[in-house]
Amino acid sequence: MLLQQVINGIILGFIYSLLAMGMTMVFGITQVIHFSHGEVFMIGSFIGVGVAVLLTETGHFGGNILWVLVATVALAMAGAALLGILVDRTCYRPIRRSPRINSLVSAIGSSIFIQQAVILTLGSKFRIFPFLFPKGEIHFLGSMVSYAQIWIVIISLFLMVVFSIFLKNSRMGKALQTVAENQKVAGLLGINVNKFIALTFLIVSAIAGAAGVLTGSYYGSVDFFVGFMAGLKAFTSMILGGVGNVTGAVLGGLVIGVAETLIGGYISNDNKDILVFLLLIIILVFRPSGLLGERVAERL
Amino acid sequence: MRMNRSYLPKNPLRRANPWLLAVIILSLIFPWLSPEYYVDLAFNVLIYIILAESLNVIIGFAGLLNLGHAAFFGVGAYTYGILWRFFQLPFIFALPLSAVFAAIMGLLLGLPVLRVRHDYIAIVTLGFGEVIKLILNNWTDLTDGPNGIYGMAPPQIWGFAIRSRTQYYYLTLLLVYLILFLMVRLAHSRLGRAWIAIREDEVSAATLGVRVDRLKLLAFTVGASLAGVAGCLMASKHRFISPAGFGFYESIIILCMVIVGGIGNIPGVVLGASILYIVPEILREFSDFRMITVGVAMITLMIFRPEGILGREKRKMIWERAAKVERGKPFS
Numbered sequence: 001m002l003l004q005q006v007i008n009g010i011i012l013g014f015i016y017s018l019l020a021m022g023m024t025m026v027f028g029i030t031q032v033i034h035f036s037h038g039e040v041f042m043i044g045s046f047i048g049v050g051v052a053v054l055l056t057e058t059g060h061f062g063g064n065i066l067w068v069l070v071a072t073v074a075l076a077m078a079g080a081a082l083l084g085i086l087v088d089r090t091c092y093r094p095i096r097r098s099p100r101i102n103s104l105v106s107a108i109g110s111s112i113f114i115q116q117a118v119i120l121t122l123g124s125k126f127r128i129f130p131f132l133f134p135k136g137e138i139h140f141l142g143s144m145v146s147y148a149q150i151w152i153v154i155i156s157l158f159l160m161v162v163f164s165i166f167l168k169n170s171r172m173g174k175a176l177q178t179v180a181e182n183q184k185v186a187g188l189l190g191i192n193v194n195k196f197i198a199l200t201f202l203i204v205s206a207i208a209g210a211a212g213v214l215t216g217s218y219y220g221s222v223d224f225f226v227g228f229m230a231g232l233k234a235f236t237s238m239i240l241g242g243v244g245n246v247t248g249a250v251l252g253g254l255v256i257g258v259a260e261t262l263i264g265g266y267i268s269n270d271n272k273d274i275l276v277f278l279l280l281i282i283i284l285v286f287r288p289s290g291l292l293g294e295r296v297a298e299r300l
Numbered sequence: 301m302r303m304n305r306s307y308l309p310k311n312p313l314r315r316a317n318p319w320l321l322a323v324i325i326l327s328l329i330f331p332w333l334s335p336e337y338y339v340d341l342a343f344n345v346l347i348y349i350i351l352a353e354s355l356n357v358i359i360g361f362a363g364l365l366n367l368g369h370a371a372f373f374g375v376g377a378y379t380y381g382i383l384w385r386f387f388q389l390p391f392i393f394a395l396p397l398s399a400v401f402a403a404i405m406g407l408l409l410g411l412p413v414l415r416v417r418h419d420y421i422a423i424v425t426l427g428f429g430e431v432i433k434l435i436l437n438n439w440t441d442l443t444d445g446p447n448g449i450y451g452m453a454p455p456q457i458w459g460f461a462i463r464s465r466t467q468y469y470y471l472t473l474l475l476v477y478l479i480l481f482l483m484v485r486l487a488h489s490r491l492g493r494a495w496i497a498i499r500e501d502e503v504s505a506a507t508l509g510v511r512v513d514r515l516k517l518l519a520f521t522v523g524a525s526l527a528g529v530a531g532c533l534m535a536s537k538h539r540f541i542s543p544a545g546f547g548f549y550e551s552i553i554i555l556c557m558v559i560v561g562g563i564g565n566i567p568g569v570v571l572g573a574s575i576l577y578i579v580p581e582i583l584r585e586f587s588d589f590r591m592i593t594v595g596v597a598m599i600t601l602m603i604f605r606p607e608g609i610l611g612r613e614k615r616k617m618i619w620e621r622a623a624k625v626e627r628g629k630p631f632s
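Order-wise, the sequence lines are chains A and B. Residue 231 in our numbering is what sits at position 231 of the first sequence, and the numbering runs on without skipping anything. Residue 370 in our numbering is what sits at position 70 of the second sequence, and the numbering runs on without skipping anything.
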C-alpha cells in the first residue's frame, strides 16, 4: 500500500517537476516569477484534448494509440511554445528593466487573461480527455504500475534528459547559461539576449505543453482552472528545490508530489493541501533557501 | 544635517490640499447624490481601501511581499462570524477581537517570514494564505465549512442600530479616515521611518540600531489587525461569509491594488483600490469581458506606468537594488 502511494506520488511529482523546471529556468534567466506557466500548461492540455479527440474519432494512425499520443504531445508542445513566446514578448519583455514586483503583477495579469480567454472561447465546463496510453499494468511487490504511469515517467525523463544535455553540452545551452549568469556580459559577448530569453520560453513552454497532455490524459479531464493549482504546486516545488536550480526543481517536484499523495492517502484527503503547505513552511524555516539552495553555486 | 525626506511618502496634511478637501466633501455628500445601489458599492470600495492600506504597511513601508493578505481579512470576518454563531456576541465587542485575532495571525505569519529570504517570503505567505482558507473551509464544526455563516445582527452603537446602507457607509467612512490619518502619521513617525529604512537597506538599518526582526513582526501585526477590522465590517454588512471570498485570488487583487496605486504611496493606494474595484463594476454590463479587461489593464499599466498611478520614480529602487545585491552572491 505504501509503495503504491509512493508510485502514484512519483507520477504526480514528475508532472510538477516538468513545470517547476520551466519556472526555475525562467526565474534564473529573467528574475521573473512566471506566474502564467500553469496557464501555458492548461492551454497545452486543451490543445491536447482537441487533437486527441480529432485523431481518435477520425481513426488516424490506424488506431495505434501510441502514435496518437506522440502526435498529440507534439502539437500541444508546439502550441504551448508559441503561447509562451507570446507571453514573454507582450508581458515580460517590455518591462525587463523594471523592478521585479512589476513583472509579478504583469505575470498575474497574463494568467488572468489566458484563463478568461479560455472561458470566453471554450466555456468554463470541463472536457473529457481521451485515454491515450496503452492499457495494462505490471504487478510487483504487491503493488501495481500501469503502462500509463510508465509512459509518463519515460516521456518526462526523456524531456528532462534532452533538456539537461542541451543546457550542459550544446553551444546554445552554454550561451543560455551565460545569459543567466550576467545579461550585460552576455550581450557584450555577442549573444542576442532577448532572442535567448525567447528561446528559454519556447523550450520551457513546450515542456509544459507536454506535461499538460500527459496529466490531462492520465486524469481524464481538463478545465480552465487546472493550470492554477498546478502552477501553484510547481511554484512551491521550485522554491523548495532552491530557486534557479533545475535539479532542485525536479527534486522539489518529486518531494511535493510524493508528500501530497502520502498525506492524502494516510492522513486526510481533504486537508492534504493544508499539510503540504505547512510542511513547505517548516522546511523553509529550517532550510531557508530550499533543499538544494545553498550548496549549489551555479544556477543552471 | 537636514533629513532627506524624499524616501518618505509626501504628507498630504502638511498644507491645505484642495484635492484632499474635494475628496472629503465628495465622500461626505455621496449618499445624497447617488442611488442606494451605488452607496452599496461605495461601502465595498471603502472595505478594499482599508485592505489595500493595511497591505501597504507590510509591502510599502516594511518592504515585505505578502501574497496571503486575504487570510487576515478572512480571520477578521470569521472571528465575528464564529463568535456570533456560538455566543451571539455583538458587533461592538467583536470588532476589537477581530483585530486582535488577525494580529495574532499576523504575528504567526511573521515568525517564519523572519527566517526566510527575499523570494521565499512570497511562497511562505502564499502557503499561509492557502492554509487559512482551507482551515476555514474544512473545520466544519467551527465554521460550517463551505456553507458559510450567516445572519449576524446589525451593529448596535450606544443603542443606535446601524442598518441601512447609508449608515454602514458613514460608519466605514469614519473608520477609513481614521485609518488614513493613522497611516500618514505612522509614515512620518519614528516607527515609519524605521520601517522605510528596513525596506531600503536591511543591513544598514540594523547597524543604525533599528531592531529589524521586531519591527518586521510589528508591520505584520499592524497590517493584519487592520485587515481584520475590514473583515469584521464586511461580515456584519453582508451578514454572510464563506471561505471562498478569502482565497489566493483575493490576496492577489489586494496586492494589485497596492501596486497599481503606487507602492508605499498612501493616496495612491486609495486610488488603486478604488479603480480596481470600480472598473470591474462598470464593466459588469459586459460581464463576460470583465476579468479579461482587468488582466489586460494590469499588464498595460505595468508597461507604461511601472511605478503605479501616483507612485514616484524613486520607488523603483526598492526591489531592483535587492536584485542587484543578490547577484554578487551565489544565486539565492
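A hint or two may mislead.
Stated by the list, open to error - Coverage of chain A stretches by chain B, computed from C-beta distances (three or more under 8 Å per stretch; other residues unrestricted):
| no. | stretch |
| --- | --- |
| 1 | 65 to 77 |
| 2 | 91 to 99 |
To be verified - Stretch by stretch, here's where chain A covers chain B in the computed footprint (C-beta under 8 Å, at least three residues):
| no. | stretch |
| --- | --- |
| 3 | 377 to 389 |
| 4 | 467 to 478 |
| 5 | 527 to 541 |
| 6 | 556 to 567 |
Keep in mind the hints are simulated off the structure, nothing from the lab. Glycine residues also receive a C-beta, built at the ideal position from the N, C-alpha and C atoms.
Hint-by-hint comparison with the structure:
Counting residues of the stretch 65 to 77 of chain A whose beta-carbon sits less than 8 Å from any beta-carbon of chain B gives 0, not enough to reach three: the coverage restraint is violated. Counting residues of the stretch 91 to 99 of chain A whose beta carbon lies closer than 8 Å to any beta carbon of chain B gives 5, which meets the minimum of three for the stated coverage. Chain A is given as covering the stretch 377 to 389 of chain B, and this is violated because 0 residues of the stretch bring a CB closer than 8 Å to a CB of that chain, at least three being needed. Here the stretch 467 to 478 of chain B counts 0 residues with a CB under 8 Å from a CB of chain A, which misses the bar of 3, and the coverage is violated.
With 0 residues carrying a beta carbon less than 8 Å from a beta carbon of chain A, the stretch 527 to 541 of chain B misses the three-residue requirement, and the given coverage is violated. Given as covered by chain A, the stretch 556 to 567 of chain B passes the check, having 4 residues with a CB less than 8 Å from a CB of that chain where 3 are the minimum.
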